[in-house]
Structure formats: structure tokens, C-alpha cells
Amino acid sequence: MGETGHMLPRTLFEKLWDAHVVAAPEGQSALLYIDLHLVHEVTSPQAFDGLRANGRPVRQPLRTVATVDHNIPTTPRGLPITDPIAAKQIEALQKNCREFGVPLFDMDSAEQGIVHVIGPELGITLPGMTIVCGDSHTSTHGAFGSLAFGIGTSEVEHVLATQCLPQKKPKTMQIHVTGELAEGVTAKDLALGIIGRIGTDGATGFVIEYAGDPVRALSMEGRMTLCNMSIEAGARAGLIEPDETTFAYVSGRRFAPKGKDWEAAVGYWRTLAGDPGAQFDRVIEIDAAMLAPFVTWGTNPGMVVPVSARVPELNTFAQESDRRAAEQALAYMGLDPGTPIESIAVDRVFIGSCTNSRIEDLRAAARVAKGQHVNPKVRAMVVPGSQTIKREAEQEGLHRIFLDAGFEWRESGCSMCLGMNPDILQPGERCASTSNRNFEGRQGRGGRTHLVSPMMAAAAAIAGHFTDIRNWRFQ
Amino acid sequence: MQPFRKHTGKVVPLDKVNVDTDQIIPKQFLKRIERTGFGEFLFYDWRFSGDGKNISDFVLHMPRYQNASILVAGKNFGCGSSREHAVWALMDFGFRVVIASSFADIFANNSLKNGLLTVRLGDEQIGEITRRAKEIDDYRLAIDLETLRVEDDRGFAATFTMDEFSRHCLLNGLDDIGLTLQHEAEIAAYEAQHPAGAEMRLIARIL
Ligand code: SF4
Numbered sequence: 003m004g005e006t007g008h009m010l011p012r013t014l015f016e017k018l019w020d021a022h023v024v025a026a027p028e029g030q031s032a033l034l035y036i037d038l039h040l041v042h043e044v045t046s047p048q049a050f051d052g053l054r055a056n057g058r059p060v061r062q063p064l065r066t067v068a069t070v071d072h073n074i075p076t077t078p079r080g081l082p083i084t085d086p087i088a089a090k091q092i093e094a095l096q097k098n099c100r101e102f103g104v105p106l107f108d109m110d111s112a113e114q115g116i117v118h119v120i121g122p123e124l125g126i127t128l129p130g131m132t133i134v135c136g137d138s139h140t141s142t143h144g145a146f147g148s149l150a151f152g153i154g155t156s157e158v159e160h161v162l163a164t165q166c167l168p169q170k171k172p173k174t175m176q177i178h179v180t181g182e183l184a185e186g187v188t189a190k191d192l193a194l195g196i197i198g199r200i201g202t203d204g205a206t207g208f209v210i211e212y213a214g215d216p217v218r219a220l221s222m223e224g225r226m227t228l229c230n231m232s233i234e235a236g237a238r239a240g241l242i243e244p245d246e247t248t249f250a251y252v253s254g255r256r257f258a259p260k261g262k263d264w265e266a267a268v269g270y271w272r273t274l275a276g277d278p279g280a281q282f283d284r285v286i287e288i289d290a291a292m293l294a295p296f297v298t299w300g301t302n303p304g305m306v307v308p309v310s311a312r313v314p315e316l317n318t319f320a321q322e323s324d325r326r327a328a329e330q331a332l333a334y335m336g337l338d339p340g341t342p343i344e345s346i347a348v349d350r351v352f353i354g355s356c357t358n359s360r361i362e363d364l365r366a367a368a369r370v371a372k373g374q375h376v377n378p379k380v381r382a383m384v385v386p387g388s389q390t391i392k393r394e395a396e397q398e399g400l401h402r403i404f405l406d407a408g409f410e411w412r413e414s415g416c417s418m419c420l421g422m423n424p425d426i427l428q429p430g431e432r433c434a435s436t437s438n439r440n441f442e443g444r445q446g447r448g449g450r451t452h453l454v455s456p457m458m459a460a461a462a463a464i465a466g467h468f469t470d471i472r473n474w475r476f477q
Numbered sequence: 536m537q538p539f540r541k542h543t544g545k546v547v548p549l550d551k552v553n554v555d556t557d558q559i560i561p562k563q564f565l566k567r568i569e570r571t572g573f574g575e576f577l578f579y580d581w582r583f584s585g586d587g588k589n590i591s592d593f594v595l596h597m598p599r600y601q602n603a604s605i606l607v608a609g610k611n612f613g614c615g616s617s618r619e620h621a622v623w624a625l626m627d628f629g630f631r632v633v634i635a636s637s638f639a640d641i642f643a644n645n646s647l648k649n650g651l652l653t654v655r656l657g658d659e660q661i662g663e664i665t666r667r668a669k670e671i672d673d674y675r676l677a678i679d680l681e682t683l684r685v686e687d688d689r690g691f692a693a694t695f696t697m698d699e700f701s702r703h704c705l706l707n708g709l710d711d712i713g714l715t716l717q718h719e720a721e722i723a724a725y726e727a728q729h730p731a732g733a734e735m736r737l738i739a740r741i742l
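Residue numbers (the numbering used here), protein chains in the order written: chain A, 3 to 477; chain B, 536 to 742.
None of these hints come from the bench; they were simulated from the model.
Among the hints, a few may not be true.
To be verified - Not everything, but these chain A residues come out facing chain B in the computed CB check (under 10 Å):
| no. | residue |
| --- | --- |
| 1 | G154 |
| 2 | L167 |
| 3 | D203 |
To be verified - Computed from the model, here is a short list of chain B residues facing chain A with C-beta under 8 Å:
| no. | residue |
| --- | --- |
| 4 | R540 |
| 5 | G544 |
| 6 | K610 |
| 7 | N649 |
| 8 | G650 |
| 9 | I671 |
| 10 | L680 |
| 11 | T682 |
| 12 | Q728 |
| 13 | E734 |
| 14 | L742 |
Quick reminder that beta carbons are idealized off the backbone N, C-alpha and C, glycines included.
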């Protein structure tokens, strides 16, 4: 690294990048060191096979942590897994972890959970790290001021073998939010509002850094929700500068540094914030006053409107390809242009996923559900992100509120976010979901997904249709 | 990885934007633990109805597009999930090239690792290729990675760009794990300065 390079003010991203460059060979991508590699059952078996075929070990088992989350059932643990192929995939991970010495939070672990939930809550995810996982929502961990991004299986193998990744340097984008989030407008709505504005490819090739008072005011749970959705705008990663909120969250977590190590770590983390005057390749301003509780109406997260609005008319799309995509989306979703969002009835409600299954999300949904009843036409389920969250919620009595109101209270996992386990929509069923993707068939073939915040999902379960949380009568 | 130099093949136009990896290969087919055999599930929900019957008006079923090896689509191809299974499915089905006006980052990376060429062209050029592929029987394109050219034998020609290093790896079918391991000394030096923290040793002890 040349002396002059450090004279220029740097963004958080640039500091993270510079701190992890192992080699920058002429004419090639830089080689980036990976501090933490999270592994799960779906995208890893072929990578471990590749290691075996080439006689390569896992270079740093101490920087690798595995869990099972994607295809495990959310029925009580201890019941057998009925899907034999899913069972085989889980067994493959268990076997691979044993063979290569990788620590695994297994099915029966008291800490099992969605990979992007357990990293932070156990204090494994720390500011200043580079983190990868064979899963696109790895961007979640950027909430801590760590450079975290999703990779494919070949890259999983690459990191297992070398603890490094060749990477083209992405461009930087700052999303600067001003004003204040109104009551009932959550981090999820901020994320949906941003994607609605810039589109699902609006940040392709960029790392987003979220800034501004409303971002600073978010809890770590909210920040994780926001960074989680970065990939839905096409971003390589999403970042938020670590601050006192971050340190307070990490402090005392099970695997977080302790004592002198903690002091030293915080000292370093404080140096990560962007320098005054650091430049971004692109800056986007978002006025929080323009945001509302959002509901997606189509088949990607950018097809979104405020709950008080209507499904858009087709002639509002300037580009022919977008108009056609909207038309196809509405046909799939079984909706007509101009339909008021609040008049759309739902069959199912899913509260869960790495976007919105943390304790704060469950508290928010429970506040709405308290003393109410799920509409008899609706089947609603709550799936905590991890066993730790499940226990915490039960200690607070949240599960009683949900169960009394008629929600199902299930074991932790990805569940109906992608429906690899038995939790799926039937063809034509309409679901209010706190997850992150409303792609065709994502929650089950022919299933119709509308993305919303946890409060909006709980309210839809009770009302039987979408309803504006800003008018909700809390009991 | 399969090297890629030149390829000439039949073109099939998908004529869709934002084709996500959930569409390319639905999640129920991600449970296989091999890299092979995904082709039969490619675009499953578009190709087959709920009871497993062919949806005959889907392009991949049309007789005129059988054995196509070049797929053409609109912007943001491969968005969504990081599943490399999407690339495996496309290649297993017989595709060697995808042409689109833009690609999602992870999909483009995954393609590169497997020798599937992703070619970025402008919207107008995509429109022109799509039109020709719909109108002309057995419409073929020749793609040359050495000269970075796409052309047919009826006067259409376009050039595309690709970063030099990616092109070099593709042309030579390089195993990039091997390339990284050439930097062993630098990796070891970095690791000596940045040992894994005590907390990671704790995890390994507990589990
Ligand atoms: S909850 Fe959904 S988005 Fe998150 S890791 Fe699981 S499947 Fe992926």
C-alpha cells in the first residue's frame, strides 16, 4: 500500500477493503482475506466434494462456522425429517464438518438458527470483518460495519481451500436518509422504499453504505433488516458504520471478545467510520417523510407501493419491458391494476426469515396481535430466526400472545421464506410475508407473496386483508 | 473449468427482464448434493404445469428452438439467490452463452467459475437479436471471446467488453483456486499478522 493512498480520505468500505488485501497481482483481481466463512447445507456439499477431489484441506476451520437452516422442518425437533433428499443434504453437512473439522451448530443445538441470525446474536459477526456465505443475504452482517457478501458454491470451495477470494473492487454508493421514520414505518419499509425507488438492479456492481439520522436511530435489528435487503437492489453488500449502538449490541455476546481483547477491538472499530470528505461513486438521497408502510404487489421487491395506495395502472410504466413485466406479474399475482391494496385479502401470513425474525420483530408483531384473533380464513405462522430467539420470546411470553391469537408458533429455520422444507404455499394462495423475495413460486409453486413489515403482517393476519398499521387500534 | 474460446450455436430468445435464479432453478431441486443432473429442472415452473405436463408454448419447448445453446434475455439476468445450481442447470441443459443487457453480480461470478460465458450487449442489440431469433428459422450466432465479437451471417455484428483477467481465465479454463494458492507466502504472512481470535477457538472447543 503506497503512502499516498492513505492521504486520501477513505469511506468505511475502502478501509475494510484495504485492511483485507492479501495480494494485488498486476492485471488480476485483488486477493481479499476472509475473516469469517459461514456455511449451510444447501450451497456447500459440492464445495466439500471439490476439496476431496483435489486432496485439499479446509485452510482455516477456526474461521469457518456451519449451521443447518434452509431445508430443516420447523415442526418440533426430534421428529424425523420426512423428506429423504433433505435428510441426505443435512447428513452430508454433518459428515463434511466432522471430516474437515468445521464447527457445526447442528439441528439439536440450543443455538441453531438461520445463518444470518446466529452469527450476530452469538457475537461471531463483528465489526471490521470480511464475511462470506453461500447465500445472497449475507449482506445482513454489513449492519455491523463488516464487509459481508454472498458467494456461489465454487467460491465457497475457494474460501474453504484458501481463506481468500479474488475480487473485483466494487463501486461505492451512499444512500443518505434524511428526516425521521414515522410511527408504523420500519426498517423494512425503508428497505422496500429504497428498492422501489432505485429498482432491483439499481445497485448492481455497488456496495451501499447507509447513512443519515434515521439509519443511526435504528436498532441493530433494524439495521440488519435494512442491510439484509441490499441484495434485492442488486448490491454486492450493504454497510452501516459501527457506533455505540453496535458496540452495545455486541458487548457480552457469547463469542464476542472479552476484557482486554474487547477494549482493543472497540478501539480499532472506532477507526472504521468514513473519513470526513470521503467520496462515493454515487450518492442517493432519501427523504424519510416520503416513506410509508409498504406492500409489494408484483413478483420482485421493487414492485412496491404504500399500503394506502392502489396497484399501479399499466400506463404508468415508461419502458415497454417494464410494462410487460408488470402485466406478467399482475397476471401471476391474480390482481387487477387500480385495486386498492387494503382491499386485497390474504390466505396465509408468514412472520420469519433472516429479514424479520429477530426478537424485536417478534415483539412488534406481538404488540399488534395482543388480545386479537387471526381471521378465520387465514393461516398464520411465526417462525423465530433461532432457538435463542425462540427461548427469549417464550421468556417474555410472546408465544402466548401469538398462540392465544391463533398464530402457529414454530421451531427456527428459513421455513416459508423459500419453502425448501414442508412449509409452502399452495397454488393461488396469497401470503403476507416478512421475508425478502416475492419472486414467482418462491414460497411454493403458484403462491403469491406480498412483502411487508412484521407489524403489517400481523395486522393482515387479524384483519384478513392488508390494512394500514398507522390506523391500528393496539390493545 | 471448461475453457471458452469460440462458440457458434442456435439462439433462443427468452424475452424477459429480471429473470431470477428461483425461476432458473426452483428451490425444490436444490437438495441434490452433486453438480450434475440439474438441466432437466431448468426453468421448471415455466416449462411444466403443476401436474408435470409440458407447457408447450414456452420457448424452450418450441421445436424451432430445440438444441439451442445461446440464451438471450433482458436486463438483470440471474438476480436473487446465490445458488450456483442456476449455472449448473443452464450448462447441463446445453447452454454455453447467455446474452443479456445486464447480469446480477453473483450470477456473473458463478458463470465465470464454470465456463458459462455471459455477454453484455445494449438493449437495442438485444432487441435486434430477439427479433431475428423469432423471425428466422435456425437463427445462429457466433461468439468469439478472443476478439470479443458476436455476429450472425446476415450482417448483425456487435462487440462486448469483459475485464482482462476474467477473459484470460475463461480462455484458458484456469482453476482459480490453483492461482490463489500461488500466493501462499502472502496468505501465510497475512495470517501471521491476523490470527483467528480467541472467540473462534472457543467455538471450536464447544462444538
Ligand atoms: S431466511 Fe430466506 S433469505 Fe434468509 S437465508 Fe434463509 S432462505 Fe435465505
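Each hint, compared with the structure:
| no. | hint | verdict |
| --- | --- | --- |
| 1 | G154 | 4 Å, holds |
| 2 | L167 | 8 Å, holds |
| 3 | D203 | 4 Å, holds |
| 4 | R540 | 20 Å, violated |
| 5 | G544 | 24 Å, violated |
| 6 | K610 | 6 Å, holds |
| 7 | N649 | 7 Å, holds |
| 8 | G650 | 11 Å, violated |
| 9 | I671 | 22 Å, violated |
| 10 | L680 | 17 Å, violated |
| 11 | T682 | 20 Å, violated |
| 12 | Q728 | 10 Å, violated |
| 13 | E734 | 4 Å, holds |
| 14 | L742 | 4 Å, holds |
In this structure, the earlier hints numbered 4, 5, 8, 9, 10, 11 and 12 are contradicted, and the remaining ones agree with it.
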